[in-house]
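Residue numbering for the sequence shown follows the numbering used here, beginning at 4 and increasing consecutively.
Any given hint might turn out to be false.
Said to hold, decoys possible - Taking lysine-lysine pairs in the DSSO-like style, the calculated list, with each CA pair at most 30 angstroms apart, reads: (1) K9 - K44; (2) K30 - K9; (3) K44 - K17; (4) K36 - K21; (5) K21 - K9; (6) K9 - K36; (7) K21 - K44; (8) K44 - K30; (9) K17 - K36; (10) K30 - K17.
Hints were generated in silico from the structure; no laboratory data involved. Predicted model, so just to flag it, every value in this text is computed and none were measured.
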Amino acid sequence: MTGVSKQSLNEYHKDRMKRYDAQIMAKVCQALKCEIGDLLKFEE
Numbered sequence: 004m005t006g007v008s009k010q011s012l013n014e015y016h017k018d019r020m021k022r023y024d025a026q027i028m029a030k031v032c033q034a035l036k037c038e039i040g041d042l043l044k045f046e047e
């Protein structure tokens with residue numbers, strides 16, 4: 004569906020990523036028909 008591995012998606016889901024890859028985020032947004040702001044929440 005996204006072209007992103009299950010392992011990578013799982014790492015994002017469990018918040019284990021050290022950095023977020025823009026290409027992966029773009030593929031997920033395209034597959035879900037959403038904006039990046041719908042996926043990420045910025046906290047201070």
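Hints, one by one, checked against the model:
Using a Cα cut-off of 30 angstroms, the hinted pair K9 and K44 holds, with the two alpha carbons roughly 22 angstroms apart. With a CA separation close to 13 angstroms, the supplied pair K30 and K9 stays within the 30 angstroms bound. Distance restraint check for K44 and K17: the Cα-Cα separation of roughly 14 angstroms lies within the 30 angstroms cut-off, and the hinted pair is therefore satisfied. This hinted pair checks out: K36 and K21 have alpha carbons roughly 25 angstroms apart, not beyond 30 angstroms.
Distance check on the hinted pair: K21 and K9 sit about 17 angstroms apart at the alpha-carbon level, within 30 angstroms; holds. For the given pair, K9 sits about 19 angstroms from K36 by alpha-carbon distance, which is consistent with the 30 angstroms threshold. For the proposed pair K21 and K44, the alpha carbon gap of about 15 angstroms is at most 30 angstroms, so the pair holds. Taking the CA atoms of K44 and K30, the gap is about 18 angstroms. The hint holds against a cut of 30 angstroms.
A C-alpha spacing of about 21 angstroms is found between K17 and K36, which places the hinted pair at or below 30 angstroms, so the restraint holds. About 18 angstroms separates the Cα atoms of K30 and K17, which keeps this hinted pair within 30 angstroms; it holds.
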